[in-house]
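Peer 1: Chain by chain, the residues:
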Amino acid sequence: MNAIEIRNVSKKQGEFFELKCEELILPRGCIMGLVGKNGAGKSTLIHLLLGMIRKDGGEISLLGAGDAARHKETLEEVGVVLDYAAGIPGIMKVTQVSGLMRGIYKHWDSEAFDGYLNRFEIPHSKKSRVGHLSRGMLVKLNLAIALSHGAKLLILDEATNGLDALVRDEVIDLLMEFTREEDRSVLISSHMIGDLEKICDYVAFLRAGKLALCEEKDQLRERYLLVRGTAEQLAQIPDEAVLGRRGNAFGAEAIVERTAVTQGMDAAPVPLEELFIMMEKEASAS
Amino acid sequence: MKALLKKDVYLLWKSAPIALFGILFISTFCAFGRQSSLAMLFEIGFFAASLVEVILQVEEANRWHILQDTMPISRAKIVFEKYLFFGFSGLLASAVQALLNTAYSLVVHHYVEAGNILFLPMIIFAAAMLWGSIILPFFFRFGSILGRSVYHAALAIGLISAMILARKVKLPDHIPVHPLVLMVGLLGAGVLFCSFSCLLSIHFYRRRELR
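Taken in order, these protein sequences are the chains called A and B. Residue 1 is where the first sequence starts when you use the numbering used here, and the numbers rise one by one after that. Residue 1001 is where the second sequence starts when you use the numbering used here, and the numbers rise one by one after that.
One should not assume that every hint holds.
Below, simulated BS3-like cross-link-like pairs (lysine-lysine); rule was C-alpha separation at most 27 Å, straight line [claimed, not checked]: (1) 72(A) x 1077(B); (2) 152(A) x 1002(B); (3) 93(A) x 1014(B); (4) 1002(B) x 93(A); (5) 198(A) x 281(A); (6) 1006(B) x 72(A); (7) 126(A) x 1002(B); (8) 210(A) x 37(A).
Restraint-style ranges between C-beta atoms, simulated for each label pair [unchecked claim]: (9) 91(A) x 1142(B): 22 to 28 Å; (10) 241(A) x 1150(B): 53 to 59 Å; (11) 1184(B) x 162(A): 55 to 61 Å; (12) 162(A) x 1203(B): 33 to 39 Å; (13) 1177(B) x 12(A): 51 to 57 Å; (14) 1211(B) x 246(A): 31 to 37 Å; (15) 1155(B) x 119(A): 50 to 56 Å; (16) 1191(B) x 183(A): 43 to 49 Å; (17) 1211(B) x 91(A): 23 to 29 Å; (18) 1005(B) x 128(A): 19 to 25 Å.
Hints were generated in silico from the structure; no laboratory data involved. Even for Gly, the Cβ is constructed at its ideal location relative to N, Cα and C.
Please build the complete structure, drawing on both the sequences and the hints.
Peer 2: Next up, the structure:
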């Protein structure tokens, strides 16, 4: 059973934006990175997944449960960290969060939550209020909540954006630790593609509301190479084998299917960030 | 549900303690100043019910309503909890009034007036139910900021229409019904109105797209 299955889902928002997702599948035990530039539809896709907004058509299945069964029982097993700070009212004390969540989640584990508070060094004295926490601390608090009720699926919507490198690294460690158990999965949307590259098994790329690519990261790396050379050298590669290209005064580079790379070309493995930037640029140019 | 109610009480206590003292002040004035006019009792009820507005505004300002929507709580339950909360506020205000009236009667008259203890607080509770039932569908349909503006506009139109209607239709000075029957009737009508309002809010909130 897959953690997430999305098939032919569409959602129109306003006059100019329509999300269309043909097929996105996240197998259990895997981490999927959802990337795309601002306004590409990442948050819309996550809101659709969680049932916060209604889809116009298609099928969504979360942890094996279809639309009708999704709410409540399924959400017991889903931990969510959203892009904006916290959500827990700022005037509440950190020590009250556990009591509130115990009343919401059936399998709330207060000890685990206290453990995360200590591990993340989140101040939780009797006087510490949620509103006094920094952005990094708020993300950690939300992560602590998401991890303390036996979630099988974690969904992070640009939660690590704006955090310093150290905190992001801690979050990455935590996600890797989380997926050590085979049936646990993570869907994470982020602009920090370098971070995603470290942890993701799958990558989904949204461009202007369309799912442009959804593939295993290793397969992507296997299939494409970053080729550097002069504009003339790169012009010899057939267009259909080029995923994206860019050039400047010092030379040119292109992302090319491995099968089209000939001997003598300066080819190297392609970093995900380069892949997406070039794909985006190629799409904008065409 | 209990945890959510507890959270709401805490949020109210921390964000608007002055509103709670306001209720206590007007109630004391009503009881000891012998100023328990219908308008003042209604005012206490309205004041008590509108405390739920404060909670909804605090929650939306912190985007708690978005986070809550990712948790295993149905939207119907979220709406119902808010109705319970204003019912609870109304009951609390009524209880305070009943206690103060009892205290006044005991101190001044050395006996307890059943009318003061039952009937007057009942008016407060009915007013709280009425007010809460009117305002909440607007909040669940439009959110706390727009909802507030819309219900103020709707209320102004409603009041002006009622005033025009009252001038045209002559209402009887005396309703020939036993006070107890009137009380039960009012309570029944209040519960029906409240239930209808709750169902309407659930319908609105389920259709609302949160993002």
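Peer 1: List in ascending order the numbers of the hints, as given earlier, that are violated by the structure.
Peer 2: Of the numbered hints given earlier, the structure breaks none, since each of them holds.
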